[in-house]
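Asker: Here's the letter readout for the chains.
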Amino acid sequence: MNATRMNASSNGRGSDAWSQSWTHFSVDRPSPSYCRVTFEHPPINTITATTVAELTELVGLLEQDPDLNVVVFDSANRDFYLAHYDVENEPDRTAALGVGPTGLPAWVDVLVRLSRAPVVSIASIRGRARGAGSEFLLACDLRFASRENTLLGQFEVGMGVVPGGGSMARLARLVGRGRALEILLVADDFDGPRAEQYGYVNRLIADDQLDAEVEAITSRLARFDHEAIKRTKSYVDRVTLPGDSELVPALADFRELFGRPAQRAQWGRLEELGLNADSDLERSLGRRVLEALPDT
Amino acid sequence: MNATRMNASSNGRGSDAWSQSWTHFSVDRPSPSYCRVTFEHPPINTITATTVAELTELVGLLEQDPDLNVVVFDSANRDFYLAHYDVENEPDRTAALGVGPTGLPAWVDVLVRLSRAPVVSIASIRGRARGAGSEFLLACDLRFASRENTLLGQFEVGMGVVPGGGSMARLARLVGRGRALEILLVADDFDGPRAEQYGYVNRLIADDQLDAEVEAITSRLARFDHEAIKRTKSYVDRVTLPGDSELVPALADFRELFGRPAQRAQWGRLEELGLNADSDLERSLGRRVLEALPDT
Amino acid sequence: MNATRMNASSNGRGSDAWSQSWTHFSVDRPSPSYCRVTFEHPPINTITATTVAELTELVGLLEQDPDLNVVVFDSANRDFYLAHYDVENEPDRTAALGVGPTGLPAWVDVLVRLSRAPVVSIASIRGRARGAGSEFLLACDLRFASRENTLLGQFEVGMGVVPGGGSMARLARLVGRGRALEILLVADDFDGPRAEQYGYVNRLIADDQLDAEVEAITSRLARFDHEAIKRTKSYVDRVTLPGDSELVPALADFRELFGRPAQRAQWGRLEELGLNADSDLERSLGRRVLEALPDT
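Order-wise, the sequence lines are chains A, B and C. Residue 185 in our numbering sits at position 185 of the first sequence, and the numbers go up by one each step. For our numbering, count along the second sequence from 1 and bump the result up by 1000. For our numbering, count along the third sequence from 1 and bump the result up by 2000.
Treat each hint with caution, since some may be false.
Stretch-level coverage of chain A by chain C, calculated; a stretch enters the list once three of its residues show a Cβ under 8 Å from a Cβ in chain C [as the list claims (entries may be wrong)]:
1) 34–45
2) 132–145
3) 213–224
4) 228–237
If you're looking for bench data, these hints aren't it; they were derived computationally from the structure. No residue lacks a Cβ here, since even glycine has one placed at the ideal position from N, Cα and C.
Between the sequences and the hints, there should be enough to build the whole structure, so can you do that?
Answerer: Here you go:
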């Protein structure tokens, strides 16, 4: 999954850093001002410690590239954009991720830096994105989604935990209190039309036109002046981004609630039902999350 | 209108406090984690000092119940969810309501505490809700409304007063400046489709499916972990709720403007036209409020 | 283009100040509480130093008129509401505009004061409004737009500059981060349906009903109590308006980026293509702005 095209940047770091072997995504850079990142981590694009580490490295490149105007994140898997975090995969490595350059915990760090990077980040969404997958796309600047093939959600509360990667902070500002509370507390899947209605995504595009329309937007942005993009975005950032201090306590809450025996057992049951696999459970997680609840 | 089913809570207060005789609503508690409150104050569910006192007591119970996850507020009257405050009913008792446990005036207090309670509050809306009735549903966490049978509005400015129960603070954050100003200043009725378009409610549900769909959402929430709900909600609260100090001056303005002779005369004319009764005026209040205006 | 009807105000300034000869718009005042301003600056309603000076004077009148409840801004040109700022028209006069009564630069000053005036301002939109034209309507309180005939946009980033009149501050609060970033960075035209979907306008009205429906809203507002409007609006202002200090740096950025040789050349090419004229370029500016970009 190495990148297939690498155009050198003017800052001397050239294409070497970019064209390294990534394992959870591929990177294509058809021009110095435009880059495409395609998630490909079979079977369902879960996020693991490796994904976080690679995204951290990638965002570091985005931040420092004076030629780059726009980065598109899409998926090689039509059914799964980014499934969610796989908490059972390399738990020691997840625990060891530590903090990123901002001093924030690694996952929060990479999302915060992506939001602030002087580059327009576009999530081109096809398939499912839940939990940390939803948090990733909420940290992108623009979200375009397949009209026919999109399912988004924050299923964490259904599993007895608090979303830890900034969902409350970002959704509350993006869609308003009532709709944010519904997404977060009812914790069910949102299809494309409801996601668009709520403002969870910018707008829907017919599935067979999604790639072409995102490409048109991207090639437009690629030709614009970098400084104009950077400064304009920074003014919107000041009004719309949460402060760092808002993000850390929620992650601590996630960890505390996740560590409880009842929740560990609940996650174990969900694994048995097919979590992290290309399963019916994963295709209908919003509804089927109920099956892992303790009997009441 | 006593509650029909009362399930004891684990905090020792049992069902006694809950199953008292309420006069402006009934309370049903089919399980420890789920409670339904049905407004029933004939003929049109106006809010009076008695409603405020009973809601204050009820919210006190909601706040302190570690088993309760979700409370639904609906109406026994298909045409009126909560008409509005009846200012002519027991004015002395309204004046004597004083302040609630937060130190805020009673009506503001009950709405503020409902918004912050560690319980998901759902307004299941059928019929009309204006003025304080609209303020009540804006203080709930989630708002689902009948597609065919919903009329919402803040008619106060049409009567020469300022909405005093937090409408400006809540609507401005919920639907944005332009649409909040339209709701508040044009002061007309909003039907379901426009309320949904503006974000005044989360979304519409076909009238014949409203109860079943709210029940499905509720039974889902009832099974979730209380601590996960409580903490997740609290993070959204921090971003989206107005500060207390924002709410008090508007209520003072309401009282000052309402006390002017021209406005007293205007309210008197509206009473003569059918205010507080199950009248054509109440069914078309947004439009007919003009009839009480002084001739110009 | 003098005003045709002028009703005296009770503050003694009478109709003299209002009925002066305006050159970029006409003013009609059918009653003391209602005023209509119609932009008419052929060929395409560009904004120039003269427009800013006249709007500054007009807003001064709006601010101090205790009888005026509502002002409607529409256009005599069905194809152009307010094209954009004409930077090549009287550049010396633009540079000499200085600061307004708030101490803010003149264009920012007039928009800030319009937003805070104790009068409901309504943009009744038909045709194109881009750049400063879009900034103007964003500073109005309510925005109603022709369903069939509306094109809005902030094309500045496509020209290598930062919007300088408050777009980032206002759009970010009005439509949320994701949609604000799309409007500002992709910098393309938004037609009516997308503008309504994003909350860029309050709502659309069929073109042949726009005038009548805005008139109905206006005549309603004209009959309401001035003090109730003024105070209610002021509470929404506190929650939704940007602080002055947020607005000045963006204008400085505009000036700095606009002064670069590459951007001067880009604006020159756009002029050659038909900018500021009733041209095909102006009708499709969002798309054709690309033609002025340097070859890459």
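Asker: Are the hints correct? Go through all of them and say.
Answerer: Structure-based check of each hint:
Counting residues of the segment 34–45 of chain A whose CB lies closer than 8 Å to any CB of chain C gives 0, so the stated coverage by that chain is violated, three being the minimum. Counting residues of the segment 132–145 of chain A whose beta carbon lies closer than 8 Å to any beta carbon of chain C gives 3, which meets the minimum of three for the stated coverage. Given as covered by chain C, the segment 213–224 of chain A passes the check, having 5 residues with a CB less than 8 Å from a CB of that chain where 3 are the minimum. Counting residues of the segment 228–237 of chain A whose C-beta sits closer than 8 Å to any C-beta of chain C gives 7, which meets the bar of three, so the coverage hint holds.
Hint compliance for this structure: hint 1 is the single one not met.
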